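Mapping to this note's numbering: the sequence shown position 248 is 264, numbers consecutive.
One thing to keep in mind: the hints can contain errors.
For lysine-lysine, the following DSSO-like pairs were computed, each having C-alpha atoms within a straight-line distance of at most 30 angstroms [as the list claims (entries may be wrong)]: (1) 233 - 191; (2) 274 - 239; (3) 26 - 239; (4) 26 - 307; (5) 107 - 213; (6) 191 - 120; (7) 56 - 307; (8) 120 - 307; (9) 56 - 191; (10) 26 - 157; (11) 191 - 107.
Label-pair restraints from in silico Cβ distances [claimed, not checked]: (12) 333 - 309: 15 to 23 angstroms; (13) 238 - 301: 25 to 33 angstroms; (14) 197 - 328: 31 to 39 angstroms; (15) 38 - 18: 20 to 28 angstroms; (16) 299 - 81: 52 to 60 angstroms; (17) 196 - 23: 16 to 24 angstroms; (18) 23 - 208: 36 to 44 angstroms; (19) 250 - 160: 34 to 42 angstroms; (20) 55 - 332: 55 to 63 angstroms; (21) 229 - 293: 14 to 22 angstroms; (22) 266 - 319: 28 to 36 angstroms; (23) 21 - 83: 45 to 53 angstroms; (24) 319 - 42: 22 to 30 angstroms; (25) 309 - 265: 54 to 62 angstroms.
Just so you know, the hints here were simulated from the structure itself, not pulled from any lab data. These numbers were taken from a predicted model, which means no experiment stands behind them. The C-beta atom is built at its ideal place from N, Cα and C for all residues, glycine as well.
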Amino acid sequence: MALSAAEAAKTCRAKLIASVQSIWTEQWGLAPNAKTPRAKGERVAIVLSGGVDTCAVVEALRENGFVVDLALTVYCDPSATDRPYAPLIAKSYGVDHVEIECGKDELLQGPLQLCVEALRSFDPMQIRNSMVVARALMEAKERGMRYVLTGDGSDELMGGYSFSWATEDPLWTQKRGEMCSDWFFSAPVLGEALGLKVTSPFTAPIFADWALSSLDKALCIGKRDLEAAPGEARQHRQTGKLPLREAFPEAISAWRRKDPIEVGSGATVLGKEEGRYFSDLINAEELLQEKQRLLREDKVVIRNPEHLYYYRVFRQALLPYLWSMAGTSQVNKLGSRYWSS
Numbered sequence: 017m018a019l020s021a022a023e024a025a026k027t028c029r030a031k032l033i034a035s036v037q038s039i040w041t042e043q044w045g046l047a048p049n050a051k052t053p054r055a056k057g058e059r060v061a062i063v064l065s066g067g068v069d070t071c072a073v074v075e076a077l078r079e080n081g082f083v084v085d086l087a088l089t090v091y092c093d094p095s096a097t098d099r100p101y102a103p104l105i106a107k108s109y110g111v112d113h114v115e116i117e118c119g120k121d122e123l124l125q126g127p128l129q130l131c132v133e134a135l136r137s138f139d140p141m142q143i144r145n146s147m148v149v150a151r152a153l154m155e156a157k158e159r160g161m162r163y164v165l166t167g168d169g170s171d172e173l174m175g176g177y178s179f180s181w182a183t184e185d186p187l188w189t190q191k192r193g194e195m196c197s198d199w200f201f202s203a204p205v206l207g208e209a210l211g212l213k214v215t216s217p218f219t220a221p222i223f224a225d226w227a228l229s230s231l232d233k234a235l236c237i238g239k240r241d242l243e244a245a246p247g248e249a250r251q252h253r254q255t256g257k258l259p260l261r262e263a264f265p266e267a268i269s270a271w272r273r274k275d276p277i278e279v280g281s282g283a284t285v286l287g288k289e290e291g292r293y294f295s296d297l298i299n300a301e302e303l304l305q306e307k308q309r310l311l312r313e314d315k316v317v318i319r320n321p322e323h324l325y326y327y328r329v330f331r332q333a334l335l336p337y338l339w340s341m342a343g344t345s346q347v348n349k350l351g352s353r354y355w356s357s
């Protein structure tokens, strides 16, 4: 029998709370009592975007009586839409909150290098989004954290991405299953490179298996009143992740609109849609010459200045790996896995 919306929300809440509990006590082996002091090698952080995903994780931590040592939020630009939400959530949870102001130039140094080397990629969308996570994880490492929670997987499981909304069931459920069978998140890979254990309660079997087997499109996607910032007038619009939103109605971000990580953090300033940052670094003549040279020498198709910038870092850092690839088509996949021109 299909779940009702109320049943879906109730079970969603229980599953997320159970998933957080399992990660904390079984996977990480941490004491369940928040009052028990943790050793230096047992410190926990959360990458707090301020979206409904990480806000719900905070509520699940609270329900379990778990307190993380640190919440981390990265802002790349004054336009970052996470700014109004993340501090409110951290304050309500009573956790130390580190707000990292990371400009474009800083983002393209350590975080970019970490992403290219750890992910072995030069895909603009993947790299741009991952640099924000990388910067947060670098801060976690510097501050002595050992374990890190994220909100990865919620969008994939519960219709968070607008590109899926036009598809109807049963095809929607089929495509969701295919996407989740091959999903990849950069945070655990980046964390491993830094010596951190990074995971998300949404991707744990306790939650993911339930969502895939129990939630269809009708339960996940629908029209609701959403806000762009705390206290702003809400607009009636289509949204996903309804079971999660309705599972934690007390969450500050329960009815926040969905903003991609690059919008929430302000990293869109690096993208081709948001200005000429990379075009100012690489002019049209240089781009044309390099596209021709790299196609000829490396058999790599470069699409725009941002793509070229990341490939140069990739080429310098991973040249032996580059030439050990089975074929040049494989190299191109590293630069276009998520690319749409």
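Status of each hint after checking the structure:
The suggested pairing of residue 233 with residue 191 holds, with an alpha-carbon distance near 11 angstroms, which does not exceed 30 angstroms. Restraint check: the Cα-Cα separation between residue 274 and residue 239 comes to about 13 angstroms, which is no more than 30 angstroms; the hinted pair holds. Straight-line distance between C-alpha atoms of residue 26 and residue 239 comes to about 20 angstroms, which keeps the hinted pair within the 30 angstroms bound. For the given pair, residue 26 sits about 53 angstroms from residue 307 by alpha-carbon distance, which is inconsistent with the 30 angstroms threshold.
This hinted pair checks out: residue 107 and residue 213 have alpha carbons roughly 25 angstroms apart, not beyond 30 angstroms. Among the hinted pairs, residue 191 with residue 120 is inconsistent with the structure: their alpha-carbon atoms are about 35 angstroms apart, more than 30 angstroms. A C-alpha spacing of about 49 angstroms is found between residue 56 and residue 307, which places the hinted pair above 30 angstroms, so the restraint is violated. For the hint linking residue 120 to residue 307, the alpha-carbon distance of about 24 angstroms falls within 30 angstroms, and the restraint holds.
Of the pairs offered as hints, the one joining residue 56 and residue 191 is violated, with about 43 angstroms between alpha carbons and a cut-off of 30 angstroms exceeded. For the proposed pair residue 26 and residue 157, the alpha carbon gap of about 36 angstroms is over 30 angstroms, so the pair is violated. As the CA atoms of residue 191 and residue 107 are separated by approximately 38 angstroms, the hinted pair breaks the 30 angstroms bound. Remark: the range hint 15 to 23 angstroms for residue 333 to residue 309 is upheld by a beta-carbon distance near 19 angstroms.
Separated by about 50 angstroms at the C-beta atoms, residue 238 and residue 301 break the suggested range of 25 to 33 angstroms. A hinted range of 31 to 39 angstroms holds for the C-beta pair residue 197 and residue 328, which are about 34 angstroms apart. For residue 38 and residue 18, the hinted distance range of 20 to 28 angstroms is satisfied, since their beta carbons lie about 27 angstroms from each other. As the Cβ distance of residue 299 to residue 81 is approximately 57 angstroms, the hint placing it in 52 to 60 angstroms holds.
The beta-carbon spacing between residue 196 and residue 23, approximately 22 angstroms, falls within the hinted interval of 16 to 24 angstroms. Checked against the hint of 36 to 44 angstroms, the pair residue 23 and residue 208 passes, with Cβ atoms roughly 37 angstroms apart. Evaluation of the 34 to 42 angstroms hint for residue 250 and residue 160 yields a pass: the beta carbon distance comes to about 40 angstroms. Separated by about 39 angstroms at the C-beta atoms, residue 55 and residue 332 break the suggested range of 55 to 63 angstroms.
With their beta carbons about 44 angstroms apart, residue 229 and residue 293 fall outside the hinted range of 14 to 22 angstroms. Look at residue 266 against residue 319: about 45 angstroms separates their beta carbons, and that is not inside 28 to 36 angstroms. Checked against the given bound of 45 to 53 angstroms, the beta carbons of residue 21 and residue 83, roughly 32 angstroms apart, lie outside it. Separated by about 44 angstroms at the C-beta atoms, residue 319 and residue 42 break the suggested range of 22 to 30 angstroms.
For residue 309 paired with residue 265, a C-beta distance near 57 angstroms keeps the hint of 54 to 62 angstroms intact.
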